[in-house]
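Residue numbers (the numbering used here): 5 to 334.
The hints are all genuine.
30 Å max Cα-Cα, derived DSSO-like pairs, lysine-lysine: (1) Lys299 <-> Lys255; (2) Lys270 <-> Lys299; (3) Lys270 <-> Lys255.
Rather than coming from a laboratory, the hints here were simulated on the basis of the structure.
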Amino acid sequence: MSASPNTAGNPDPEGEYEDLLGLWSDLESGLSALLSWPLQAQDFAQKLRQFDAWLQDLVAHDIDAALYLMFQLASTSTVGYSASHALVCGTLCHIMAHELQLPRPERDSLVRAALTMNIGMTALQNELAEQRERPSAMQQQAIDNHPAAGQALLERLHITDALWLAVVGQHHASSAQRVPLATQTAPARLARILGTIDRYAAMISPRKSRAGRSATDSVRAIVGQQVDQRDELSHALVRCIGLCPPGTFVKLDNGDTALVLRRSDKPNHPLVASLLERNGNPYSRPSLYQTASGKPRIQFALARSAVSLELDHRTMVRLGLYAAQACVDE
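Using the sequences and the accompanying hints, generate a full structural model.
Rendered as structure tokens:
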């Protein structure tokens with residue numbers, strides 16, 4: 005996947021980007037309502053496909069902006085956790101499907117499974133995100149049963165895509181991580197992809213019982229300290245979003261705290277905006293750095309909870325776009 009910014013056909017970026025955050029928030033809100041009251045929805049399957057199409061349009065508009073907003077939304081709120089988590093997983097599965105060159109039918113089943121995998125425990129998942137104590141025995145039983153419960157509910161909602169249903173039912177099943185994806189059956193392959201994305205997304209998102217991990221720590225918790233080139237799935241995840249994706253905070257070797265705005269053509273060397281000085285004081289204006297040029301370097305990623313700074317996301321997204329366009333024009 006090319007990490008080059010999508011700037012073609014964008015004569016008025018400020019106008020186009022003004023409502024991007026609102027569109028993502030509307031998508032999250034609509035998805036939350038659908039997942040919370042699925043049996044009350046008229047033609048659940050059609051509505052879910054519409055949300056998928058909406059997601060595809062937003063990602064196609066600008067992958068880096070999509071990643072930025074997705075990571076920021078995921079790491080700053082526990083309200084409606086279930087829908088937020090579903091949207092993060094659906095977005096990452098969409099990007100991964102492109103990276104892995106999955107056939108279109110597999111891509112559709114994978115993303116729709118990601119959006120609905122926890123439909124059997126939507127209310128419980130929101131409840132668990134707000135509680136500090138460990139799950140009760142009754143809650144744990146519901147957690148253990150939710151893949152099968154979700155598959156059964158989707159069947160009641162007239163979902164007839166057998167692959168979609170199978171992936172929801174199997175998304176917590178254990179699978180061999182070194183088996184080539186191409187040699188696995190479609191349900192096993194997609195369930196393995198979704199299971200990896202599910203664990204990664206859960207780690208970056210905060211809950212009352214714990215803060216979210218940094219994106220880098222989340223990747224390494226899944227794939228190990230060194231990304232194994234033989235594990236095509238973990239390697240593809242790092243390759244397409246980076247160890248420090250857009251929307252995540254990093255510490256630079258000059259002492260500054262910076263926000264990743266966009267990926268670059270050099271893996272894991274993104275465009276960053278320096279926001280806080282070494283002493284923690286905010287800069288009056290962000291300083292932009294292409295870390296691919298060598299200085300300053302990223303020392304490590306930060307969890308969102310480690311940075312007490314309010315962000316104007318519209319400004320940050322536009323700043324990243326303008327900087328990326330300037331690099332293209334040079």
